[in-house]
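A.B. asks: Given the coordinates of chain L, work out where chain G should sit on it, guided by the hints.
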Amino acid sequence: MRVIWNELRKILTLKIMLLLVLVSAIFYQLFIVFDFDHFPNGRPSADTFKVGEEMMAKYGQYMDDKEFEDFKKVYEQRVEDATAYLQSQPEMEAAGMGSYEDFGNADLMEDEKKSELHSKVMFEDEVDVMWELQSREELIDLYEHPEWFGYSEGRKLTSEQSDRVEALRTSGNAFAIFIHDVFENYQNLSGNLANLVLVSVMIVVTPLYMADRRNKMTMLQYSTKVGRRLFYIKFAAAFIAVVTVITVQLAVFFYLYRGNDTGQFLDKKVSSVFSFFVSWWDLTFLHYILLTVMSMYIIGIAVLFLVAFISSSAPNYMTNIGLQIPLAAIFISIGIDYWIKDLTSFHLSKLFLPLSLGMLLAVSAGIFLLKWRKERIADVQ
Amino acid sequence: MITRLELKKIVSSPIVLTLLLLFTAFNLYLIYVDAPKSEDVEKINEVIDEYGSLMDKDGRFLLRDSYEIGLESWNARNGKAFESASEFFRAENYYPAVDSGEISDQELEKIIDLNVKESILLTSEGLEEQYQKLDLLKNAEVQIELFGIQGEAAETVREQYQSLIPRLEEIKSSQDHLHVFLPGKIFRTHSLVFKTLFGVVLFQIMLLVVLFTAFSTNYEFDQGTHLVAFSTRRGRMLMWDKLLAALSATGMVTAFLLLATFGTYFIAVDYSRLWHMPISTGFMIEPDGNPFISWWNFSFIQYFWLGILLIFVLQILFTLITFVLSLWLKNSYVVFIVFAILFGLGLLVPGEMPKNSVLSLYTTFNPSSLVLGSKKWWMESGAFTTFKYFEMVTAGVWMSGFILAGWFSMKKFHMRNL
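Residue numbers (numbering that gives the first Met the number 0), protein chains in the order written: chain L, 0 to 380; chain G, 0 to 417.
With the rest of the complex left out, here is chain L (with noise of 0.2 Å):
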């Protein structure tokens, strides 16, 4: 136990945490604090979100159809709140723009008095009801169109995945109260999350044996007889130093995302018409959410026994960071959409998931308990 503390503060050093902290703060600033500072971003986003919070409130989990009148009639109401401010503004009436009818269906290519109206009602004077009825629209187009649910352009459906649509469709769950700038939002910060989980690992893994060999002290170490299972003491404790990096990077990361104020969508299903995604299982958010995290762990080990194997093999720290530079734009370009941004999504195999994760994880480790046996009776050099 007392070699793995030591092997443990071995990583872990002031410095490494020091540069740790600083790459982590500049990620953030670069990559992640957008998506917390700017959500929802914008109009109508930040309209739909507040509808969905009110359809949430009103509805439960699933919007239903005797629900969806209701929802209709409010959209009424609202038709007549945005007719009324039109008319109380003589300049609308005049430009025969007096109800929201007229309004919608101006023609603003062509006539430029209306167009300046419109632009003056939407963006100068930001009438929130104007807003509000985009958002409402966009809602209703969406219920009422389930056959856009799952349909991408270009892509045909197998027969599995049609069958999960119309499973979804006919059971009514398709219809989940789970609004999409939620879900982009986080898969936009769960996405780089990743990024700076496998950079950190990254970070903390690359000396791990480099150092006692620069110092020539395998010399003396592989020559006794507990000294060769130091190769594996230090794996121990760059396994603990990992999961805490991981683990401190979520609990920060998701002190932060409460901020986002979507935890009122915990419980939604997320395969929804009003989300634009299909997931082979029926999983909440927060059961989305768990995944994501569990993935970030596995992708760290995984990156750990690759970068442990490197840095025991290398000779050098150009070769070590050298040949981390083709695994980091792997798993940057390809495998964090994969493996983090669209999990469970029906556009993938339905095995994909467990089966890519479980082979990344088992070939990492292979290639590495392939090391640690050479290790055990190499020549000491």
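Because the hints were derived from the structure by calculation, they are not lab data.
Yeah, the Cβ is synthetic: ideal placement off N, Cα and C, and Gly gets one too.
Not one of these hints is a red herring.
Which residues of chain G face chain L? A few of them, derived with a C-beta cut under 7 Å, are: (1) 14; (2) 21; (3) 214; (4) 221; (5) 331; (6) 343; (7) 347.
C.D. replies: Frame of chain L; chain G shown alone:
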């Protein structure tokens, strides 16, 4: 002699070669995916050969004639009454005609030719109008609003755009904007060459440069031979050899990757007619609709060589930065991370400055912004970087700064305890 041995250590190391090959392969893949197909380029070249590249009123005259005659005879032969060539390519006309086989391949070729001519005619007409209406001061206001710039800083942005106006007038009067080029709305070649390819090459070489410069300069510390190597007066001069070796290696890998990437690109895409077209031509405008307005009257090839020159200068600057960091930190791993942090700070700091202070503009004068702005070097390039000498000032100031820093650090290194 020592320099040559140090250089050998760098260029013969397998990881440098492996990464160079990987990078080259990746760049070739990008070209394979995004470069315009040669038959499309062929069509444009034919038009330039036959009708010249300048599409002002006179230039369009013959082209229009040939287009109208061509369309008429095509209509007559195929029993159609199309007003324009593009009408044929609408889904409801195109698919039935091609699927039923009533249009032969030869005829199809003809209508494609006509369509190219038509789009050139329409584009140049549209450009004349667009450039007449173009108001740079309005663009400045859009930028200022977009980034929420205020006060003194906003004033500076307006001044910069104001000083770009004579150049725009020059473009309009010399009709630089009416020269035929691979149409940007379709091929986006400007983005491909100057953003995607310049960008990846800059990043790839930067990674390599930092890696091998840090490796070379920290070699003695990593190997534990520093006590022997640096305990004499001549010994510490070794660092100069290492710097020289790193600089030569930088030149070599940069040249190699640029040659491999752009050699392939210009073999794959026939630019022979385009070398001397002005870089500010309106045909390059991409779907975002923003014209490219260069501060000086550059042809494509001049602009390209200047870009290559700046890539070399930037890589030498990165070598120097790494060298200075290495002298102080003495650990190649830490050097790598600190370099990454500094690069990130270059992107971050301008955004953290108060919006009404010119600092938010002047802190943009750093290598990181220069690297990320490669698409619009020497051009109108948004609120923060539209300064006539932005690239030169940035490269010049940082370069001289780090030459001084390198010299100073070496002086300190001579006296340092090991």
